[in-house]
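Asker: Given next are the chains, with one letter for each unit.
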Amino acid sequence: MSRLSRSTLIRLGGLAVLLVIAAIFPLVITNALYTQFAVDTLIFVAAVTAWNLFSGFSGYISLGHAVFFGVGAYTVGLLTIHWKVIGGTIFALLPLGGLAAAVVAVPFGLIALRVRRHTFVVITIAIFFIFQLMAYNFSFTGGNQGISTPFFLWTAASYNNPFYYVGLILAVGSVTAAWLIRNSRFGLQLLAIRDDEDRARGLGVRTMRVKLSAFVISGFITGMVGGLWWFFIGQALPETVFDPNFDLSVALMGFLGGFGTLAGPVLGALVLEPLQQWEAITFTNGYVAEISLGAIFLLVILFLPRGVIPTGKELLTRWQAMRERRRRPAADGTAPPASGATVPSSAQTGGVR
Amino acid sequence: MTVLLRTEGVSKAFGGVQALDQASIDVDEGSIAGLIGPNGSGKTTLFNVITGYERVDSGHVYLGGKEITNTAPEKVFAAGIGRTFQLTRVFSRLTVMENMIVAAQHHERGQGRLRNPLARAGGPATRRRAMELLEFTTIAKYAGALAETLSYGQRKLLELAYVLMASPSIVLLDEPAGGVNPTLITMIADRIRQLNEQGTTFLIVEHNMDFVMGLCDKVTVLDYGTAVVSGPPSVVRTDPKVLDAYLGTAEDDDDIPVG
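Chains E and U, in that order, are what the protein sequence lines are.
So that you can map any letter, position 317 of the first sequence is 317 in the numbering used here, and since no number is skipped, the others follow by simple counting.
So that you can map any letter, position 189 of the second sequence is 189 in the numbering used here, and since no number is skipped, the others follow by simple counting.
For the record, the hints were derived by calculation from the structure and aren't laboratory data.
Every value quoted in this text rests on a predicted model; they were computed, and no experiment measured them.
Treat the hints loosely; a few may be bogus.
[To be verified] Label-pair distances were calculated between CB atoms; the ranges are:
| # | chain 1 | residue 1 | chain 2 | residue 2 | range |
| --- | --- | --- | --- | --- | --- |
| 1 | U | D190 | E | V115 | 52 to 60 Å |
| 2 | U | R55 | E | G88 | 54 to 62 Å |
| 3 | U | E67 | E | P244 | 25 to 33 Å |
| 4 | U | P124 | E | D198 | 23 to 31 Å |
| 5 | U | G64 | E | L9 | 50 to 58 Å |
| 6 | U | E132 | E | M134 | 53 to 61 Å |
| 7 | E | E324 | U | S234 | 41 to 49 Å |
Even glycine gets a Cβ: it sits at the ideal position worked out from N, Cα and C.
Isolated chain U (complex conformation) (with noise of 0.2 Å):
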């Protein structure tokens, strides 16, 4: 298998505070990757990095074989990456459809349509297009009403939906089940699973293990910015460095045999 996305000694500091410390993490082509640690490990500050709304202090990211270290975020959505935030960001007071449009920008022009910018905004092919994913993440519906008027859930949906507008080669979801219902939590592990097997590369940030656990062939520790431990669910959930990451050194308490 080839590795489709990798950081490589990546470190990023906010004033004292450093947020990664030289991580460095791969993702397979083809895989459902998870990346999990305590709060504060630097998991979103990682996606921050990789899809340019940071600028590393040193290290490198690379997109298939290719250098987009500090690479501006519509760039780097250009070159393949889609990214979900961990507080929804849609855009409130257009509507679901026009959400979907304005993610498919950068796809028309690719195909060399609407070359005038004056041209209505989304042909009958993306807004066709718009529609399928629409009713994939199952918020159809709501296609002409304000992504205002959204629930939390819905408003989750409708970030996956656009960011596949593109036909992104990997999509990194921050914490996609935090925050919805259970039933919901199936819907999106399922639609992640399909999106998977039609050849879409994932990266996850969760803290429902299940979640990760159940849907991810490998799993990165991060713990103090630093990559500590990576490998299949199995393997990762016994480690004791794994163990050390949420629940304190083991070193403290020597005494007190575990498990």
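In isolation and in its complexed conformation, chain E is listed as follows (with noise of 0.2 Å):
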């Protein structure tokens, strides 16, 4: 017991040096390169996360998020534009970028859901290139011109700041979600779904509801990090917010870290993203940050295929076993062993995983 909320405290302490050095990170930092960096991470980071409490929990495989994120940052930005708002105000709008996703999150549900494992896979993409080719000829979407942010009021100098509190307070929302579900009646059922869907519904399991219940919460947080993205980058083309990199990179953050995790999600984004921008910027070849995803996902693929925070876990648990056999008989020789000492460790129920 006492081991056990000791464990709890660790975490809860982790948790908030984290968030004390999140906030206070551009107050301290203040090369506007990085902090675009970090603005991109924590996009990242919701998104992630948003993908991952669908995906993860449910086994449902979907590469076909950016459909959210396109149709949030299209919404926030045609609203902008018809309600002629300007400065901070917009980002009061990022919520109906996510009520407009949520509500495109419905019929593709139905849609794609009926279907299983790599049928499911490929219906979701084949969905995400009906948006992006519905934005490209769309007359209201601006066609090829997509839509531009009217002007800014801030200086430069701190320009990034409020996206980035504001992509925070995403980030943090995404993962309070993820946790909240996690441990919630609505997560078993989902993850019941993921480990024997019929199995599930023979016991009273209305997946259906459950699965497009995950997916419609899921196209909310990724419409409003949609919004904030288009905010950010000052534009919405078809090809960079319906943007099949996008759906790519989210899932391969999603495995790097552990999917169906709650912190691998987060961990995947925080690594890969930053990488991604670094990239980016240092080889004027464009690709190599496009071929080293892919180089990353065979990786991960080959070596890591539950991610870095269950293989990790997995790799304390054996190691602390074999110190405690070590130890026992050099303790006392004639001592039997503890009782329950063949339940595993991952007995503790509801805990982060």
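Fit chain to chain and form the complex, with the hints in mind.
Answerer: What follows is the structure in structure tokens.
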């Protein structure tokens, strides 16, 4: 019991330190290049966590989340121009971007969630391309020209800061949502669907409703993130907001950190997004970042198929068990093994995994 | 005695294979009914049809007088039919206790508890009931372990335990004794008898004849998707049609005296 509370304390303490660092980061690091990296990273922390709370928990791998990102970006962009909103007030439109994405998620989910596994992945990609084509071809989306932000009020020196803090709010909100879901009845139903959907149905889980709810929540958050990104970059083009690289990046960051875990997606985004940005400015050849993304994908699939967090946790457990075994005969050779020693450490229910 | 579960002329074909052909069975309330037949005679398909995993081509399924033909699995479970699978299916990456809680979801909803979907899964009452059932099935000590660490026999017990979470009026067991050791078979039979005394009705598919004949009040034999014989074990055991089903048609070898 004491060990459990100690590990909880360590976790909470670590979380608090992380939040404080995140909160003061732009005050300490004022180089605009780095704060720009930071904003991009927070955007991906929020997006990957949102993706994971659907895909990671339910096992349905979506490669169509750029649909929500794009719908959010265009919605916030169009509303900004239509209502002539300026300055920080634009941030207030983000929930509307999320709402538009959530509305899109309903028919999207009702179609795609009828099929499973590989077929589901293919359907999400197909629907993604339909949206990209629509963005190119409708007149209200501005076609090739996309939608640009009107003008800016902030001075260049601290330009990134408002975006940084809004990004931080979205990231924290996204992680909180995932945490709440992971420990809830709803989350348990999602995990049951991941393990055996038909069996879950046979035990009274209304699977379509559960899957669709997670898809819509995930879409809502991703839509807000897309809106923020549009405001930050200042322009939405069909190929930049309905971007296949977004889908791949989100999935890769999720897999790298740990598919279906809480900390994994955050870790994946914290590692990969700065790396991508750094590569983009370091190498004049713009494809280096994309090639490395593909290479990392292969390495993860080969060597860390379950991701850093689960694999690391397993190694830690194994190391602890080995240490325990070595210590026990030394302490007292005649002592019987501790009772209940056969139950694996993953036994703590409802913990942060 | 009243009939609790009844199928009436149920047919189901997979391509050219007629898995069920006008299959009619009925299970009396409070009884333990057996369903036997050679491999491929349609036993599991009949289970799938009853529990909503397959749609019927024709025919009807009734539970306590109410038609439940082609009802979705989650609704069939809610209506009071629990079911286990031939190859056990548990949620391998959830703990044993979490497996139990998944099965309690409908029950909790029915009690008007936990309207809030973000509430923590499994209230104290649910956990207590889950522990009782795990103790009943002798796997309580694994409550905190991941289900994938259980042995095959233990998974069968878990499957039985979580189906009971919703207090179903009838439980359909698909080969509860298949692939488990004799001691465990005796224990499972014992538990089924206990539950039956408390009022749970059972329909059991099983190849282990001692198990079926020793446990069931009535046995129905399926052959080529049709219920050919139905009656008490002593009658079914000696019925020539049953011997035909299992050993081949007697007409082919008329000249050989049987028995």
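Asker: Does each hint fit the structure? Answer for all of them.
Answerer: Results for each hint:
1. U/D190 with E/V115: 52 to 60 Å: 43 Å, violated
2. U/R55 with E/G88: 54 to 62 Å: 56 Å, holds
3. U/E67 with E/P244: 25 to 33 Å: 49 Å, violated
4. U/P124 with E/D198: 23 to 31 Å: 30 Å, holds
5. U/G64 with E/L9: 50 to 58 Å: 54 Å, holds
6. U/E132 with E/M134: 53 to 61 Å: Roughly 56 Å apart at Cβ, these two residues keep to the hinted range, so it holds.
7. E/E324 with U/S234: 41 to 49 Å: Given a distance of about 58 Å, which is not inside 41 to 49 Å, the answer is violated.
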